[in-house]
Amino acid sequence: MEKKWEEMSPGEKRETRFATWSSPKLPDGKDFQFQSPEAEVNYKARVQRFKDVIELKKPDRVPILIMSTFMPANLHGVLPYDVMYDTDKLKTAYTKFMVEYEPDYYITPAFAGNGKIFEILDYKLLRWPGHGIPKEASGYQYVEGEYMKPEDYPALIDDPSDFWLRTYMPRIFGALEPLKMIPPFTDHWEPVMAGPNMIPFGIPPVQEALKALMEAGNEAMAWIQQIGAIEESFMSMGFVNAAGGAAKAPFDYLADTLRGSRGIMMDMYRRPDMLLKAMERITPIAIKSGVGGATIQRNPVIFLPLHRGADGFMSDEQFRKFYWPQLKAVLVGLINEGCVPALFCEGGYNTRLQYLKELPKASTLWIFDRTDMVRVKKVLGNTIAIAGNVPAGLLLTGTVDDVKAYCKNLIDVIGKGGGYMMANGTGMDEGKADTIHAMIDFTKEYGVYQ
Amino acid sequence: MAGKLAKLLSDLKEPEALEYVEKALAKGSDPMGLLGEAKEGMNIVGQRFASGKYFIPELVFSGEILKSIVQMLEPHLKKGEEAERLGKVIVGTVAGDIHDIGKDLVVFMLDVSGFEVTDLGIDVSAQKFVDAINNTGSTVVGLSGFLTLAFDSMKETVDAIVKAGLRDKVKIMIGGGQIDEQVKSYTGADAYGKDAMEAVTLTKGWIGG
Chain G
1 MEKKWEEMSP GEKRETRFAT WSSPKLPDGK DFQFQSPEAE VNYKARVQRF KDVIELKKPD
61 RVPILIMSTF MPANLHGVLP YDVMYDTDKL KTAYTKFMVE YEPDYYITPA FAGNGKIFEI
121 LDYKLLRWPG HGIPKEASGY QYVEGEYMKP EDYPALIDDP SDFWLRTYMP RIFGALEPLK
181 MIPPFTDHWE PVMAGPNMIP FGIPPVQEAL KALMEAGNEA MAWIQQIGAI EESFMSMGFV
241 NAAGGAAKAP FDYLADTLRG SRGIMMDMYR RPDMLLKAME RITPIAIKSG VGGATIQRNP
301 VIFLPLHRGA DGFMSDEQFR KFYWPQLKAV LVGLINEGCV PALFCEGGYN TRLQYLKELP
361 KASTLWIFDR TDMVRVKKVL GNTIAIAGNV PAGLLLTGTV DDVKAYCKNL IDVIGKGGGY
421 MMANGTGMDE GKADTIHAMI DFTKEYGVYQ
Chain B
1001 MAGKLAKLLS DLKEPEALEY VEKALAKGSD PMGLLGEAKE GMNIVGQRFA SGKYFIPELV
1061 FSGEILKSIV QMLEPHLKKG EEAERLGKVI VGTVAGDIHD IGKDLVVFML DVSGFEVTDL
1121 GIDVSAQKFV DAINNTGSTV VGLSGFLTLA FDSMKETVDA IVKAGLRDKV KIMIGGGQID
1181 EQVKSYTGAD AYGKDAMEAV TLTKGWIGG
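Same order as they appear, the protein sequences are chains G and B.
For the first sequence, position 18 matches number 18 in my numbering, and the numbering has no gaps at all.
For the second sequence, position 152 matches number 1152 in my numbering, and the numbering has no gaps at all.
No lab work stands behind these hints, which were simulated from the structure alone.
Warning: the hint list may mix true and false statements.
[Stated by the list, open to error] Residues from chain G that face chain B, not an exhaustive set, calculated with beta carbons under 7 Å:
| id | residue |
| --- | --- |
| 1 | Met265 |
| 2 | Tyr269 |
| 3 | Met314 |
| 4 | Gly393 |
| 5 | Leu394 |
Ideal placement from N, C-alpha and C gives every residue a C-beta, glycine not left out.
In isolation and in its complexed conformation, chain G is listed as follows (with noise of 0.2 Å):
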């Protein structure tokens, strides 16, 4: 008989989702069609080339991510404003992206957002082309902010989903600044209440609100089924996405998006107690959050961007009191569900590595930006798979030569006895077809394993 869910070990989840990720199936259950047994073929390996990279084993070769958010728009001369307002101009380059590419893992064209949904809620947290920035922009850019004011930390804490709803929704879209205006949904307790608490929703802002709502989410639908669409159709053609959900860091939570900068680095100060309770009630809620993703996209990974434990961000002692446990318990807990966290650290990650060695063994992909990788590879070659490390600067500014030259470094010292994925060091808007054709094309032809 069959082992229940939860009675299967991590390991055992795991292999469970591999296994679902290495054989799709249609929302209906059957089997999924790929354009050629080719093809099928290929998407299968590509699976079987990121587990082994996750096991810290040898593949057949070394496996190529390619981080990009607009770099399919902008390298086929297709502008990021039309392909975040028009689907079919998205399909187009970043299709042709593929086919002309093809890397073995794709980020999501998701990434590249819905422009019309953001203008829709009138969206505070990002400028995006022909709103705050020109038409002509190369992709979008995050507005910082103080979101969440020092006060709110009691409410967080107190309650983190009514926060969201009352607090933090209302301050990020202009459009349901009127949320804040309804009762907390915990008030309905009682019959007798439940005709006056409906008051709230009478009042024409809060229902302006709720249309915009219902006007994003209708935009949302017709334009995900497109994504969605898009995404069937890379599959097809044997190409795999690199993550199935997301989640964060506890502090990059509230750095990030809520507190800001400014704002966090005066909580370690001023309110640091505040600052570990409000990430303590957080962690379960990025751990739901990812491994929710991760099950309805029948795809084991986790993607995880790392911003601010970086080298200098902080010192040793805030990393440890602030940053690492927390990060540590999200990891194990998405582990513990048979999930594969993928962490992307931009930046340096040097003075962090003693860190990892804390984590399960061949459990988790780390994709490095600036850091050491030779050191990486020494100190941590057993315990996590390593990724990335090809830097942006050199991509858009170097020749095909210096290229191959930094990739045939990383295969040769960095993927030695595997465990081992070639990728750019951060997300690209930008890029040179012919170095990333290069950093590719040779990876495929180099990275062969004997």
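Chain B: place on chain G using the hints.
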């Protein structure tokens, strides 16, 4: 030996430092003397950052404490009491890029290190940099950029400075996000720095101080 205020500020003792200033002012202490001590404190912060004892949070936090101290001192300071500056520097985030955190740290560190900094802000066009060089007579220009699009904006800015005939009058440093030696060569800048302290070291090397 650092004064009491310099020590409190450099040790990031916020309430104690503010209380000290309040009491000193009430007792009639010289506000310029207190400001001098606060600057001495910031110098110690800078040294600790350079030596790897302090990190970005300490820079930012000390800056916040300094801001509060200056606010308390300001009503007591006579105009024109500004201390001598070592030299002039222009700093800005290049065209197309709206990120300011790294740029602000560089401005802050240059300022507390005694330089007169013209902060042009974010998304600064090449022409604005050229105009600022002409208007201020600054001899060092710092170009900041977080996104990869900044590579080309930086190159265009350096080119515009060359075209304006100002290239031999200024030293140009670049920094931020994905900037490295490779990008430095591409843009035609004189140097790149990987953090705010390196910006200070480069500037000191060029201007002195």
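Here's how the hints hold up against the structure:
no.: 1; hint: Met265; verdict: 4 Å, holds
no.: 2; hint: Tyr269; verdict: 5 Å, holds
no.: 3; hint: Met314; verdict: 5 Å, holds
no.: 4; hint: Gly393; verdict: 4 Å, holds
no.: 5; hint: Leu394; verdict: 6 Å, holds
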